[in-house]
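The lines below spell out each chain.
There are 4 protein chains.
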Amino acid sequence: MLNYLDKIKNTDSGNFFLMAGPCAIEGEDIAMRIAEKIITITHKLKIPYIFKGSYRKANRSKGSSFTGIGDEKALRILERIGREFGVPTVTDIHESGEAAMAAAYVDVLQIPAFLCRQTDLLIAAAETGKVVNVKKGQFLSAGSMKFAVEKVKEAGNDKVILTDRGNTFGYQDLIVDYRGLPEMQSFGVPVVMDCTHSLQQPNQSSGVTGGKPELILTIAKAAIAVGADGLFIETHPDPANAKSDGANMLHLDLLEETLTKLIRIRQAIL
Amino acid sequence: MLNYLDKIKNTDSGNFFLMAGPCAIEGEDIAMRIAEKIITITHKLKIPYIFKGSYRKANRSKGSSFTGIGDEKALRILERIGREFGVPTVTDIHESGEAAMAAAYVDVLQIPAFLCRQTDLLIAAAETGKVVNVKKGQFLSAGSMKFAVEKVKEAGNDKVILTDRGNTFGYQDLIVDYRGLPEMQSFGVPVVMDCTHSLQQPNQSSGVTGGKPELILTIAKAAIAVGADGLFIETHPDPANAKSDGANMLHLDLLEETLTKLIRIRQAIL
Amino acid sequence: MLNYLDKIKNTDSGNFFLMAGPCAIEGEDIAMRIAEKIITITHKLKIPYIFKGSYRKANRSKGSSFTGIGDEKALRILERIGREFGVPTVTDIHESGEAAMAAAYVDVLQIPAFLCRQTDLLIAAAETGKVVNVKKGQFLSAGSMKFAVEKVKEAGNDKVILTDRGNTFGYQDLIVDYRGLPEMQSFGVPVVMDCTHSLQQPNQSSGVTGGKPELILTIAKAAIAVGADGLFIETHPDPANAKSDGANMLHLDLLEETLTKLIRIRQAIL
Amino acid sequence: MLNYLDKIKNTDSGNFFLMAGPCAIEGEDIAMRIAEKIITITHKLKIPYIFKGSYRKANRSKGSSFTGIGDEKALRILERIGREFGVPTVTDIHESGEAAMAAAYVDVLQIPAFLCRQTDLLIAAAETGKVVNVKKGQFLSAGSMKFAVEKVKEAGNDKVILTDRGNTFGYQDLIVDYRGLPEMQSFGVPVVMDCTHSLQQPNQSSGVTGGKPELILTIAKAAIAVGADGLFIETHPDPANAKSDGANMLHLDLLEETLTKLIRIRQAIL
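Protein chains in written order, with the working numbering: chain A, 578 to 847; chain B, 578 to 847; chain C, 578 to 847; chain D, 578 to 847.
Treat the hints as calculated values from the structure; they're not laboratory data. Keep in mind that a hint or two might mislead.
Since the list gives no way to pick one copy over another, a pair counts as held whenever it fits inside one copy or between any two copies.
[As the list claims (entries may be wrong)] Below 25 Å or equal to it, Euclidean Cα-Cα: the simulated SDA-like pairs (lysine to any residue) are:
| no. | residue 1 | residue 2 |
| --- | --- | --- |
| 1 | K623 | R653 |
| 2 | K820 | A732 |
| 3 | K820 | G645 |
| 4 | K736 | F764 |
| 5 | K621 | E661 |
| 6 | K639 | V726 |
Take these sequences, add in the hints, and give me the full structure.
What follows is the structure in structure tokens.
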């Protein structure tokens, strides 16, 4: 699994893999520092690791929210992390024109959940030849993600990952439906649980999405127990002051302990 | 209301306005025929009318679904309808690069529900100076649409319309929340009920969205009763053989009778 | 419709009927005062009217909430209202043993939404020979209410009314699905919209259900427009100080104006 | 935990406990056979065990569904199982009058999910002095179950268990919200995952609730991983021919293997 990613390590450990990093690339120093810390931890725990960072936030609730430090600047940081640390990297794209641009810098292109039905975007991502990680729309069933997988594969790219980030449950809550994980795995692709965004509390009157970060471990434990192939966790050394999604990022200091507990569950199901 | 649309007629009748037409522009003859029929009806009933037709379907469940007859070809048909019949026209766009292109042919740019949070797209649409009709995401509250309105207005365009097309209710159903209509009207914009897509039954295992067209009148009556400013109805002379969304389009032969009933309710609330 | 209720008036007016009164019977004076006021209004507006009052509140969130002034005392007040004003009355029962007791005092037995699947309760209510008004569970589809109707009818009682009070939508909200009204009418029974409880905001951390009373008219307008046979409205001269459900009761002073608007919509659909 | 149950065994094993048995008591022979088999398995695996069987089914969708073999007959079978096998037993009650009756035969009284807000029923169950297992309503949040616990405790009974059986998700589906388990545990009571009913597919047009029994292990694994204290599993030697809830019962032949896998996860989180 994921062997199509040149730089991925520890794939023979039997562990789940990890996509982790800050929500957004806020600057070079902090991104490098986060990457280094996570790489140290995942090396020690033998977890296959992909560095995650958004180069642009394109779908904030409010127009005034932080959207990035500049596309090329952020993408170059992602590239440098991949090169210097020898890890694969992932970032999300929002329109088909971004696919080729982002593909020049990263190893995995991620399709945001709101956009998982946009055929042009899926095809543009597929055609770069990079791995394509499609997030399941909050409004889509696990079963419907079969068609997203097919759109990528029909464009000639078999390297698809699906990520669950919860389902719309009333206006201000999301619920993870763990029945969807084995269902999506039945499409022959790795399935990831996004432990960060599935805890969002959307549609807050403030226009800033809320969260419940104390439940990250709960979401992750259940995912590993039911056989998730990977986890997606946004993490930051100072979530309260992060420029986006601070409400749900895991404090970087808690990452090792969190992963250690999850590995025990992983081993119990093998 | 809608007086910013040059070609709009009957705005002093006190009636709700109507966005109607086929789901997709399938060809020139059929589009012209549908337009002519609807114009005859709305002229007789004194309903302000905007012709609706998608020039491209970009978010079908399945990659193999009908996506259009060619962008320019379809846009030219929309332009011809606007010019020959003297009615404003609306079409939907999916990426920011399409905004200027589509704006050269139509009067209203529509933002699909899945894309209502895409800031770049909203701004690109706003910057054309055309009217922007934003569909409420199935996963968004009415209250959150305030931020979509603000994004358009902050880009210098006050001509915003909001359209409700229902809310995610389990995986395979949508529910219209009529409480949202007055809430969205409180943002100072006209609010439209999409009587077609709010009846969709998404996430069908076939990959083709289902529907309940016999309930179009029910959805519309409730909307008019609570004060909706406009209705969005996809209509076709032969829904069963339409190239997309046949499951929910109103048969064109039923349109006049449907609108006549709704006008009576409209008059009862004035 | 409802002609099986001896005391019902104005059934030939073509109007929707009204079940209204305070949430709970708080005392004789106030109950009589509310009844008199509503009877004056409905007489003037030619609306068939049933006085509503709970003699006991059996499913409050918290054990410490108000549950009643004593069963027999409250039931005697209901009986007196029926007798002195010549109106039919309705109250809700919670266990099968209450059916015969309540039936000695009122004309309509109401089955609370949480209890609409309790076969024993439905049968006990049916066997009294009184009219049975079954509220649709927040967790039930309109279609499933067919089985509730059948349970009552199979017990030998054809006098069934169904009342919609909204559907569970996330933990803290309810949504009315207006598609359900014609569906329930297709079972051959009158269908009522409960404009009070469908606005509840359940599962508040305080243990006291919240509400949105400013939307009562919105809920009712949509219901009348789609053809509801009746409305259920809890009303009180001082909702803020009512002993239960104050959050959603309509101020009694607003009742006439509200009904007058709704009658206009009713006339528009006949 | 559960030490207030005289007959409970294996409580010092560190294992989750199990409530299991057939949906309904269909007859003495089959009930005894199921009990014996489960007791053999749980003895071997050192799982604290409570035998479960309904003596009456009071809330079937349709009036024509199987409701039981006779109350007293079924209760006597439960009593015999408790006495002969030395295991505690649980059955569900539906009206307050049943509490004392059932308490004469079993050790745990279960309050069905639809009825978890019925104060009289909770108090009647509490006053028997038996353990009270309250199922979380499909329409209730985990947080709201605090008030159910308080109702029982205020009636002088501290022996409360809470059981999750999923949340209403659209009309025909339920979703388990695993965030609720730690939340309910914070009320100081054991929390059980009902792996059977949380897989129901309610509101089927046939009037017979559907299910997805192949997902029982998925539901259970996630529950154990997040720390559930107990599991509730309906099991039968021939689910396809069971008299009720056949759609979701685990085949008795699969129970040992299922529990063995879950114990490994349990050990991984201790």
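Looking back at the numbered hints, which does the structure fail to meet, lowest number first? Checked against the structure, the only hint that fails is number 1, while the rest are satisfied.
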